[in-house]
Amino acid sequence: MRRRGPQRKGGRGVATAVKTKTDIWLLARQLAEALEEAEPIRRFREAEDAVLADDEAVEIVRLYEARKRAVKFSRYLPREEQERRIQAFLEIEEKFNSHPKIQALWKAREELDRFMDELNRVITYPITGEDAPKIRGACGTSGGGCGSGGGCGCGG
2 MRRRGPQRKG GRGVATAVKT KTDIWLLARQ LAEALEEAEP IRRFREAEDA
52 VLADDEAVEI VRLYEARKRA VKFSRYLPRE EQERRIQAFL EIEEKFNSHP
102 KIQALWKARE ELDRFMDELN RVITYPITGE DAPKIRGACG TSGGGCGSGG
152 GCGCGG
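All the letters of the sequence shown, read from the start, carry residue numbers 2 to 157 under our numbering.
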């Protein structure tokens, strides 16, 4: 049996009577509107806009994703083709990892993920009485997912 979270009226300075699904939907909408102004979301959007405005960065991201998929689906190809695809991926990965705007976006995304994970824990506890997992994904890796790009469903 799940332990329920503390039974409180309101929250930290927020006394809201929730009686219907409509009340909950309205509160969710208010939360969404408040989140639009949150610093991690603002920084992520700015970093994303900077990448999208940079043709070179967009091309690097496109090639990175395409070559990553090519490696993933090369399992049944001849070894030489697998190695060629891996080498092509490693070359674009180096550019991906060294591009300042892409790295700024990557860091902003990590910050946003941490922020959203914390928000999820705040929302989950009163419902279940349990903290949401602190590790992103279900793989149990301390690095925040398995690195498969979400192919396993963990989001990592």
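The hints are simulated quantities; they were obtained by calculation from the structure and are not laboratory data.
A couple of the hints might just be wrong.
Pairs of lysine-lysine, DSS-like flavour, derived with a Cα cap of 25 Å [unchecked claim]:
#1 Lys-96 x Lys-73
#2 Lys-96 x Lys-108
#3 Lys-69 x Lys-96
#4 Lys-69 x Lys-102
#5 Lys-69 x Lys-108
Computed beta-carbon distance windows for the label pairs [stated by the list, open to error]:
#6 Glu-81 x Arg-43: 34 to 40 Å
#7 Glu-112 x Lys-69: 50 to 56 Å
#8 Tyr-77 x Val-19: 50 to 56 Å
#9 Asp-56 x Asp-114: 22 to 28 Å
#10 Ala-89 x Ala-18: 57 to 63 Å
By construction, the Cβ of each residue, glycine as well, lies at the ideal position given by its N, Cα and C atoms.
Ascending list of hint numbers which this structure does not respect: 6, 7
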